[in-house]
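**Q** For reference, the chains in residue letters:
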Amino acid sequence: KNEVEQSPQNLTAQEGEFITINCSYSVGISALHWLQQHPGGGIVSLFMLSSGKKKHGRLIATINIQEKHSSLHITASHPRDSAVYICAVKPLIQGAQKLVFGQGTRLTINP
Amino acid sequence: DTEVTQTPKHLVMGMTNKKSLKCEQHMGHRAMYWYKQKAKKPPELMFVYSYEKLSINESVPSRFSPECPNSSLLNLHLHALQPEDSALYLCASSQIATVGLDYGYTFGSGTRLTVV
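Residue numbers (our numbering), protein chains in the order written: chain A, -7 to 103; chain B, 22 to 137.
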């Protein structure tokens, strides 16, 4: 079992829909990261969370440390949001400079 | 400057060639990373440099040789690669984190390597 599990693996929605991507992890962490990767492209860091909730434009990320769960929400989705969204955690017990990645959620927003 | 710059963006090399990938950042980050990413898979950590010293080597074959000449520059030297080494190679940087603390990561756009 992976230490970081994301769901769904693939998600297709219509423009304007509210999107939720979930991430569950099984280890104690110092931080959780949400990353975005467009096809063939590099990775953009969206959020780093250690507690609570963060918002940036149409993106909202929440984390529940007790339940070891995080969600990424996209409001008023747009075709340019189509990308792979990756959840990654910094475990407390491993080397300080090591991220553990989920398998990613491939999001497609149709116009 | 808030970017990690990787060159080249694309590289095709034969199995007997020697080539190098370059990564540069000017954000004052003292941790730099090499990741390998195969299609439709998450990135896999290869190497971590902290304060210009190699701190993590994830049992990477010796045909990959990292180098950190200074705090802004990270190289990955390639020699005698195999076709299965074809992948997207990503560089990243961050502030040095201790256990219980973390900082954000900045990733480059990657070098897409094809070994023929």
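The hints are simulated quantities; they were obtained by calculation from the structure and are not laboratory data. Do not rely on the hints blindly, as some may be mistaken.
[Stated by the list, open to error] Okay, the calculated beta carbon distance ranges per label pair:
(1) HIS48/A with ILE117/B: 17 to 27 Å
(2) ASP22/B with SER(-1)/A: 16 to 26 Å
(3) LYS62/B with THR100/A: 17 to 27 Å
(4) SER86/B with GLY8/A: 32 to 42 Å
(5) LEU94/B with GLY33/A: 21 to 31 Å
(6) THR12/A with ALA101/B: 40 to 50 Å
(7) LYS45/A with PRO104/B: 20 to 30 Å
(8) LEU94/B with GLU(-3)/A: 33 to 43 Å
(9) SER37/A with TYR72/B: 19 to 29 Å
(10) HIS48/A with ASP22/B: 29 to 39 Å
(11) PRO104/B with ASN(-6)/A: 21 to 31 Å
(12) PHE10/A with LYS43/B: 39 to 49 Å
(13) HIS61/A with ALA101/B: 18 to 28 Å
[Claimed, not checked] Straight-line C-alpha distance at most 30 Å; calculated DSSO-like pairs for lysine-lysine:
(14) LYS43/B with LYS46/A
(15) LYS60/A with LYS43/B
(16) LYS90/A with LYS43/B
On a predicted model such as this, the values are computed, not experimentally measured, just so you know. Using N, Cα and C, we set each Cβ at its ideal position, and we do this for glycine too.
**Q** Work down the list of hints and note, for each, if the structure agrees.
**A** Do the hints match the structure? See the list:
Our hint of 17 to 27 Å for HIS48/A and ILE117/B holds, since their Cβ atoms are close to 25 Å apart. The given range of 16 to 26 Å is broken by ASP22/B and SER(-1)/A, whose C-beta atoms sit roughly 37 Å from each other. A hinted range of 17 to 27 Å holds for the C-beta pair LYS62/B and THR100/A, which are about 18 Å apart. The beta-carbon spacing between SER86/B and GLY8/A, approximately 50 Å, falls outside the hinted interval of 32 to 42 Å.
Roughly 23 Å separates the CB atoms of LEU94/B and GLY33/A, a value that falls within the hinted 21 to 31 Å. As the Cβ distance of THR12/A to ALA101/B is approximately 46 Å, the hint placing it in 40 to 50 Å holds. Distance hint check: the CB atoms of LYS45/A and PRO104/B are about 45 Å apart, inconsistent with the given range 20 to 30 Å. The supplied range of 33 to 43 Å is met by LEU94/B and GLU(-3)/A, whose beta-carbon atoms lie about 36 Å from each other.
Our hint of 19 to 29 Å for SER37/A and TYR72/B holds, since their Cβ atoms are close to 22 Å apart. One distance hint, 29 to 39 Å for the beta-carbon pair HIS48/A and ASP22/B, is violated here, with the actual separation near 21 Å. For the pair PRO104/B and ASN(-6)/A, the supplied restraint of 21 to 31 Å holds, since their beta-carbon distance comes to about 27 Å. For PHE10/A paired with LYS43/B, a C-beta distance near 42 Å keeps the hint of 39 to 49 Å intact.
Taken as a hint, the range 18 to 28 Å is violated for the pair HIS61/A and ALA101/B, whose Cβ atoms sit roughly 45 Å apart. Distance restraint check for LYS43/B and LYS46/A: the Cα-Cα separation of roughly 34 Å exceeds the 30 Å cut-off, and the hinted pair is therefore not satisfied. Restraint check: the Cα-Cα separation between LYS60/A and LYS43/B comes to about 37 Å, which exceeds 30 Å; the hinted pair is violated. With a C-alpha separation of about 21 Å, the suggested pairing of LYS90/A with LYS43/B holds against the 30 Å cut-off.
Hint compliance for this structure: hints 2, 4, 7, 10, 13, 14 and 15 are broken, all remaining hints hold.
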